[in-house]
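A.B. asks: Listed below, chain by chain, are the residues.
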Amino acid sequence: MPDWRSLIANPRVQVGGVVGVGVLLALLGWFLHASALPPATPPTTQAPPAAAGTPPEGTATAAAPPATPPPEPPKTTAQITFTTNPSTNATVSWGKTRLGVITPKAPLVIVRPRDSGPLDVVVKAMGYLPVQTRAHTFADTRIVVRLTKPDATQTLVGYKAPIDGGIGLDGSTPEAIAPPPFP
Amino acid sequence: MTSSYTSAARALCCLALAVAGGCHRSESLPTGATPTHPEAVTPGGKSTPGAHPKPVPAMSEAEATRARNDLAPESRALLMVNGAERWVDAKAVESVGYTIVDLRDDWTPTIFKEEHGPDGVLLPNRYRRVFVGLANDQLDNDGEPLEPHEKNYLELYGVFPSLSVLRERFVQDESQPCHDQDSVEQLESVETVSYVAPQDMKRDELKLSRFAKELETERKKRKLATIQDLATVDSQYAAKLGLIDKRAKEKLAISAVEKRLACEGLLKPTSKHAKGVYDDPMRLAVRSFQQKHMIYEANYLRRKTVDALARPLLDNDYDGLVRALRERIVSAAGVIEDGTVSAQSKFPVRNLVDEYGQEAIKQLGLTDTAAAVAFFKKHPAEDFKTLRAAVKLPALPEYYADMMDLSIVVDRGDVWYDLPFDSNGNFEQHGRKRYPSLTLFANYNGQRFALARWRTTIGGWRAEQASDGYEYYRYKMSDVGPRVIRQIVSGPVWIAPTSTPVRSLVKGKTVNGSFMKLVNYDELGPGYLSAYGLVAGYFVTPGQNGRPDWDNGVRAHGSSDYLSIYSANGFSHGCHRLPNHIAIRLYSFILAHRTKSVAGDQPLNFTRQFLQKDKVYDIRLPSRGYAYYLDPPLPVNVLEGDIKGPQKKPIIGYIPKPNELYPGPPPPAPNSPEAKAGGM
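As given, the protein sequences belong to chains D and R, one line each in that order.
Take the first sequence: its position 107, counting from 1, is numbered 107 in this note's numbering, and each next residue is one higher.
Take the second sequence: its position 341, counting from 1, is numbered 341 in this note's numbering, and each next residue is one higher.
Calculated directly from the structure, the hints in this document are not laboratory data.
Careful: at least some of the hints might be erroneous.
[As the list claims (entries may be wrong)] When the alpha-carbon atoms are kept at most 27 Å apart in a straight line, the in silico DSS-like pairs for lysine-lysine are as follows: (1) K507/R <-> K96/D; (2) K96/D <-> K517/R; (3) K124/D <-> K346/R; (4) K149/D <-> K509/R; (5) K613/R <-> K96/D; (6) K105/D <-> K509/R; (7) K160/D <-> K509/R; (8) K613/R <-> K160/D.
[To be verified] Under 7 Å between C-beta atoms, here's a sample of chain D residues computed to sit facing chain R: (9) W94; (10) T97; (11) G100; (12) V101; (13) G127; (14) P130; (15) V131; (16) R134; (17) A152; (18) T153; (19) V157; (20) G158; (21) K160.
Backbone N, C-alpha and C define an ideal beta-carbon position, used for all residues, glycine too.
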């Protein structure tokens, strides 16, 4: 099994290399696709449809079935597109490596070998809590990372109301609650 | 032009598939197993030995078993004839009643085989690649490459090592035995080694020293020749002398354990282990040893672990080979009877797991350690890319058929609804004499009999995180009454309810050279550590009058938490847990002997964020797993069991933990099915 991690040491090289392979495969696929088509198919102008049941003169009644496009070769890479919500500048790090920057105008696009395991990254944006997220490589993926401001944590699962946060639901002041009487 | 496209495209597809694991579909895979209609499905897509009706052989056995050295490795199987290896035509020998045992490194149990849809399109299984990578010491549970020389040791969790991995063990251990008579004697002199926590060691030593002085003083006082004489004449000193002797022996045994674990590569020189102390590095090394040798014990030096540590490495390797082969033989033969049903039962069944396992191993000539070493010397690792073997197994019992009348009964055993602590907040465990069990039954000729019975779990009192962010206790109920399993999911994903304590949803891991906290996908799955284990059957109440099934979140599933299954105080969140390898056998058997349709990967695209400390974690689950549907569904009945104690009904809602501070009264407990049963 190739150690693809060695490629990420320099992400530019890795991404570039994989993109290169992807482009080559895409070009090859395009070439094969194009070569499978009839060699000279002149552009045609579409005539208005004839009335139903009255085929125009000189046309074969049994129309040839439409040519089905050949299947695309399986992709060997997965493209991961990172954006944030709300849209802002953010960095995306994978362990020691900074993969790149998301900006309001441009998502960060990473290309990985397809089905090569997940990519666990941390997204950091000024004024927001850091977010750890995961990108899978089974297919091309768009990841919209929802950002939360430090003063809005009560909207998140796991937010812990402070003990001295006020009054209990029954109006009591905070205190240790004894276990209920033995049933 | 078209043909050039086709051939080029095929080459390209093959190139891409080669990257993914192979260019051709192997013969032994159930080609065409997926039916266009569920009723068209056959078990495994091939004839089961002894199943009805028996196929009429198209050739004689002599003809089928003639040597075929001309065949490509993918088409042949290894047959042992009078102790000599012979390559035969795999299809031919199968047609005359032989069973093909897959010894290839990319073998998976039936539940991870990739099936075809009704339209013939391959339905890929996302977890298959990881499962094969784990078995071959190539990937970790996340599907990322292992560090060089890192090993998985996952038998205990249902992932048996591939033949190449076992081969490497045999070859290495033959040259490095890690076994000496002194160590054996030191280990055999103790049955177990008492656990003394590192922080208590000094105190323990002082106590022993005090005992020794006390005994010596008393010996002198009584003018006896030895301390043993003192212990003989006065029994009050016997216990103290016994403890001194025990610790002395244990000290030597610990030294032998350290030596063995270091030699076996499990206790690394770089670890911060302090000699003679049962510290964390030692505990982790013992855990790896137990995982490697499939020892179901807590991570201490208990009897089975000490016994295995005293055995030669190659003997342990041989046992590992037998276990790995057994799973493949069971899978190939499609059997489940493992001797767990009492022989004294009204309808005793054969132990086919042992019977077939032993017979196949005998026919393969792998009857002892030396034979296994010779086999692996003869077959290099490369052979296990294509190696399959042919064995002739005894006929199946007459009740076997492609479509069997099967059912499951879960007996909850002794059930306590009472709180797990008293009125003063002191924890107390309620004793159980009868533990929960899961039994697979067959109906044949009007008789109902058990095929296998395993210990399982039911729900109990578990910690849950309420909407205020604090943990409370909640009774997690295992439903009672008739249900069905309509859906079986391999590589299932558990969608943690929002009540799951966030501490269990975060783990530490080194990612690309940097240690970080991340979402604990081990718990969510897919994976052997996941809450649902490697495979799950979903219990549902069938919908009536066109209504959908009612799913209350209870499943019978695999689990890595074997202590919860086998310990006196083990409980689940409502589900019925089985060790992963048993769950794999159970559902592989059901899928092989019931009509099924294959739905394949179930896209999910689930996301949820949660907060822990000052960081947000994003759970992303792209798939629910790989689904099979049974039609008709498999009947299940969950028996209420014996309700013990004064509390006769389960307590609803959250109960504050004793001696904890809370901001107010408990919030209402969520009532969704997954929150009620917790789904694990």
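A.B. asks: Taking the hints in turn, state whether each one holds.
C.D. replies: Outcome of the hint check:
1. K507/R <-> K96/D: holds, 18 Å
2. K96/D <-> K517/R: holds, 14 Å
3. K124/D <-> K346/R: violated, 66 Å
4. K149/D <-> K509/R: OK: K149/D and K509/R at ~26 Å, within 27 Å.
5. K613/R <-> K96/D: holds, 22 Å
6. K105/D <-> K509/R: With a Cα-Cα distance of about 33 Å, the restraint between K105/D and K509/R is violated, given a limit of 27 Å.
7. K160/D <-> K509/R: Holds: K160/D and K509/R sit about 25 Å apart, inside 27 Å.
8. K613/R <-> K160/D: Holds: K613/R and K160/D sit about 9 Å apart, inside 27 Å.
9. W94: holds, 5 Å
10. T97: Hint on T97/D: holds, closest Cβ of chain R at ~6 Å, below 7 Å.
11. G100: With a minimum Cβ separation of about 14 Å from chain R (threshold 7 Å), the hint on G100/D is violated.
12. V101: violated, 18 Å
13. G127: violated, 13 Å
14. P130: Result: holds, 5 Å to nearest chain R Cβ.
15. V131: holds, 4 Å
16. R134: Since chain R brings a Cβ to about 5 Å from R134/D, closer than 7 Å, the hint holds.
17. A152: With a closest approach of 10 Å, the A152/D hint is violated.
18. T153: holds, 5 Å
19. V157: Since chain R brings a Cβ to about 4 Å from V157/D, closer than 7 Å, the hint holds.
20. G158: G158/D check passes; min Cβ-Cβ to chain R is 4 Å, inside 7 Å.
21. K160: holds, 3 Å
In summary, the structure is inconsistent with hints 3, 6, 11, 12, 13 and 17 from the numbered list given earlier, while agreeing with the others.
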